[in-house]
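Model the full structure from these sequences, guided by the hints.
Number of protein chains: 2
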Amino acid sequence: MKNNTVTAPRGFLVAGMACGVKKSGKADLALLVCPTGAKAAAVFTTNKITSAAVQVCKEHAKSPEISAVVVNSGNANACTGKTGIKNAIKMCAETAEQIDADPRNVLVTSTGIIGKQLPIGKITKGIAKATVELSASPKAGLDFAKAIMTTDTKPKQAVRQVEISGKKVTIAGVIKGAGMIAPNMATTLCFITTDVAISKSLLSRALKAAIGNSLNKLTVDGHQSTNDTAIILASGLAGNRPIVTQCPRYKKFTKALLGMCDDLVKQMALDAEGATRMFKVVVKGASTKVDAAKAARAIADYPLVKCAVHGGDPNWGRIICAVGSSGVKLNPNKLSCKLGDITVFKNGKPVKFDPKKASKVILQIEHTITVDLRAGKQSDFCYGCDLSRDYVAINADYHT
Amino acid sequence: MKNNTVTAPRGFLVAGMACGVKKSGKADLALLVCPTGAKAAAVFTTNKITSAAVQVCKEHAKSPEISAVVVNSGNANACTGKTGIKNAIKMCAETAEQIDADPRNVLVTSTGIIGKQLPIGKITKGIAKATVELSASPKAGLDFAKAIMTTDTKPKQAVRQVEISGKKVTIAGVIKGAGMIAPNMATTLCFITTDVAISKSLLSRALKAAIGNSLNKLTVDGHQSTNDTAIILASGLAGNRPIVTQCPRYKKFTKALLGMCDDLVKQMALDAEGATRMFKVVVKGASTKVDAAKAARAIADYPLVKCAVHGGDPNWGRIICAVGSSGVKLNPNKLSCKLGDITVFKNGKPVKFDPKKASKVILQIEHTITVDLRAGKQSDFCYGCDLSRDYVAINADYHT
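Listed in order, the protein sequences are those of chains A and B. Residue numbers for the first sequence follow the numbering used here, beginning at 1 and rising by one. Residue numbers for the second sequence follow the numbering used here, beginning at 1 and rising by one.
Treat each hint with caution, since some may be false.
[Stated by the list, open to error] Within a straight-line C-alpha distance of at most 25 angstroms, the following computed BS3-like cross-link-like pairs (lysine-lysine) qualify: (1) A/289 / B/334; (2) B/82 / A/48; (3) B/329 / A/58; (4) B/352 / A/122; (5) B/349 / A/22; (6) A/48 / B/346; (7) B/116 / A/360; (8) A/349 / B/334; (9) A/154 / A/167; (10) A/357 / B/116; (11) B/86 / A/82; (12) B/86 / A/356; (13) A/352 / B/48; (14) A/48 / B/352; (15) B/352 / A/116; (16) A/349 / B/23; (17) B/122 / A/352; (18) B/356 / A/356; (19) B/82 / A/346; (20) A/284 / B/86; (21) B/356 / A/346; (22) B/116 / A/82; (23) B/23 / A/352; (24) B/48 / A/116; (25) A/23 / B/23; (26) B/116 / A/346; (27) B/349 / A/23; (28) A/116 / B/22.
[Unchecked claim] Residues from chain B shown here face chain A by an in silico Cβ test under 7 angstroms; the list is partial: (29) 43; (30) 101; (31) 103; (32) 320; (33) 330.
[Stated by the list, open to error] Have a look at the derived ranges for each label pair, beta carbon to beta carbon: (34) B/154 / A/353: 27 to 37 angstroms; (35) A/154 / B/333: 32 to 42 angstroms; (36) B/353 / A/153: 52 to 62 angstroms; (37) A/327 / B/357: 38 to 48 angstroms.
These are computed hints drawn from the structure, not numbers from a lab. The C-beta atom is built at its ideal place from N, Cα and C for all residues, glycine as well.
Below, the structure is given as structure tokens:
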């Protein structure tokens, strides 16, 4: 597939450019337009402090049809009071005017520094310029991906195709950030385009399920930012028989959507600040799904586990300690742990293993830590990345 | 005061020496004896995986009178199954035989690597040797403090005196570790001696209260280890009118005990791996005490806040984000934050401040971050320390 950007599905025009929010002069304004109107769904941060952009976007996302998404990077428009809300609305209004749409049908997101007002004049001028550049080309798609970046080292995109009722359906996504990990940055933004024909309610259900099993499974430092937002727009131009029930076509679509999101989340984990590799924690044998997720997250969040992964150290004691400390129900005398396929702890006791082989497993770009609590039949997973000196360097040396 | 060790209160003999658990040849065996018998109380880790030492110690701590505490460092005796339990009991039995006491009146604690059986022969020989060395000298007290260390860079001790019913009462404590922060180490051990005359039930209440407001308020990486234990022994030799109710004498005692524990916990925070400074987070205006503690801990645990403290960066956005992400009830439009005495955020909006002055506040050995949630009247606090490259270096480069 040649085009791996958000313009791959039919019906989308995008642009990405510099409008002067970032002092560096790097691209900081992105525009995504669906001229025929798109069904849309969105999920937002659960942080109780939300940016002005999130507050406005939440309202507009209720519209039955969405015409465009406008994004700025370099400034989060968070903790900015009434002026912030006005500015977020202004971004929607300016976009709507440029493309001749209803402002309530425009979604807005921001990412960057917290607590500073947007340079709204620069942004509105930028929107006007970006409108002229709108294109369905792969280059425009890449420009869009670059314009939403903050401390990301590379654009992160993925695309999937799936046949639904004899028609080729394309799903594409672009993502920036990795949790609230950047210096003063409010972080994760994810934009997904697809040409599938689907009802708004099922699109929303599909997005929630996919994000729940991908983006929400990654922990970099255990926090959600004030700005985290994921948006999906469906143009409906693929020509498939519209999906209006949770039929096999719906399942085919959600499977492809999850695969695309999983691809994005892995790219994000590996581009987390200072990260050199990632890992997946699978917790089995939990008495509840909540317990499984809690234990998996406790392991993936534990700085000592993250340091051990960085050092390639098969230090299972830290994993067991994190599990015990997480408060979940477990059977201490039946507890087991594997690093990749190597059993290191079984029935509550250490197992002799080859530390060199185990170290090789950990030093891969991605490996799996499996813990069996032996307290029930539920399981869940979590993605994590290693903790390096560079994480500290990036986040301590940078000054606001 | 000349003697600042656990032998400062009347009635205690101690020894610390090397018995061969640590390959380095450093001191790894410590013995604390109260020949006249002591009232004792103890608090233990809430980790669901506990060491064999903790399991045995919990049982023995129920005895009305305690004769001795035996400690080894270098091996945690955790995840060691039935053999581990046998070895912990053996340590008590050997100590009891040497000092002619009941084994059930001996407490045992271990700290060090997880998942390896104790070299019990070396330890029992060591106990016999240590018994000969028992002394009430300050030197013996310092030997004790050194023998319980693992990755600590220095011994950590504190002592307080208080007059109760006309008699001088002494309280002394020694501590090692700082949360589950050491490579493969299961960590915090705290031993407190006092000559106060007090009932066992009130001694237990006093210990729980003091630990709850000192040790339990420090977070280094957010986890409790498999071995965390704090023990207090009261010889009753101060000659004070025995404390048997929650009278003013009890309050005097608990205040001094808390002061001593607070001293220890600050020493521990500053000796946490890679730590260069510490901070206190005070959360006010919470709707419940639980919310206040949760928000304070969320801030102190947040890697980005810890990195900002390391870099001396007045990055209040990270603090606000951590609070919002903690899930506690808060009033976004009334939320405020101070760094030391400098208001940086008020009524949900940024306040202009001098970043150089704020940076100076943060670069002190200890500073206070205050957050007012404006959602109620409850408050609580938490201690934290900065996150440095050395933390990563220590915990990633070390191999099991």
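So, going through the hints one by one against the coordinates:
no.: 1; hint: A/289 / B/334; result: violated (37 angstroms)
no.: 2; hint: B/82 / A/48; result: violated (48 angstroms)
no.: 3; hint: B/329 / A/58; result: holds (21 angstroms)
no.: 4; hint: B/352 / A/122; result: holds (23 angstroms)
no.: 5; hint: B/349 / A/22; result: holds (22 angstroms)
no.: 6; hint: A/48 / B/346; result: holds (16 angstroms)
no.: 7; hint: B/116 / A/360; result: holds (23 angstroms)
no.: 8; hint: A/349 / B/334; result: violated (52 angstroms)
no.: 9; hint: A/154 / A/167; result: violated (33 angstroms)
no.: 10; hint: A/357 / B/116; result: holds (20 angstroms)
no.: 11; hint: B/86 / A/82; result: violated (67 angstroms)
no.: 12; hint: B/86 / A/356; result: violated (32 angstroms)
no.: 13; hint: A/352 / B/48; result: holds (23 angstroms)
no.: 14; hint: A/48 / B/352; result: holds (23 angstroms)
no.: 15; hint: B/352 / A/116; result: holds (11 angstroms)
no.: 16; hint: A/349 / B/23; result: holds (23 angstroms)
no.: 17; hint: B/122 / A/352; result: holds (23 angstroms)
no.: 18; hint: B/356 / A/356; result: violated (49 angstroms)
no.: 19; hint: B/82 / A/346; result: holds (14 angstroms)
no.: 20; hint: A/284 / B/86; result: violated (31 angstroms)
no.: 21; hint: B/356 / A/346; result: violated (54 angstroms)
no.: 22; hint: B/116 / A/82; result: violated (60 angstroms)
no.: 23; hint: B/23 / A/352; result: holds (21 angstroms)
no.: 24; hint: B/48 / A/116; result: violated (45 angstroms)
no.: 25; hint: A/23 / B/23; result: violated (55 angstroms)
no.: 26; hint: B/116 / A/346; result: holds (14 angstroms)
no.: 27; hint: B/349 / A/23; result: holds (23 angstroms)
no.: 28; hint: A/116 / B/22; result: violated (54 angstroms)
no.: 29; hint: 43; result: violated (16 angstroms)
no.: 30; hint: 101; result: violated (31 angstroms)
no.: 31; hint: 103; result: violated (25 angstroms)
no.: 32; hint: 320; result: holds (6 angstroms)
no.: 33; hint: 330; result: holds (6 angstroms)
no.: 34; hint: B/154 / A/353: 27 to 37 angstroms; result: holds (36 angstroms)
no.: 35; hint: A/154 / B/333: 32 to 42 angstroms; result: holds (38 angstroms)
no.: 36; hint: B/353 / A/153: 52 to 62 angstroms; result: violated (32 angstroms)
no.: 37; hint: A/327 / B/357: 38 to 48 angstroms; result: holds (41 angstroms)
Violated hints, in rising order: 1, 2, 8, 9, 11, 12, 18, 20, 21, 22, 24, 25, 28, 29, 30, 31 and 36; the structure is consistent with all others.
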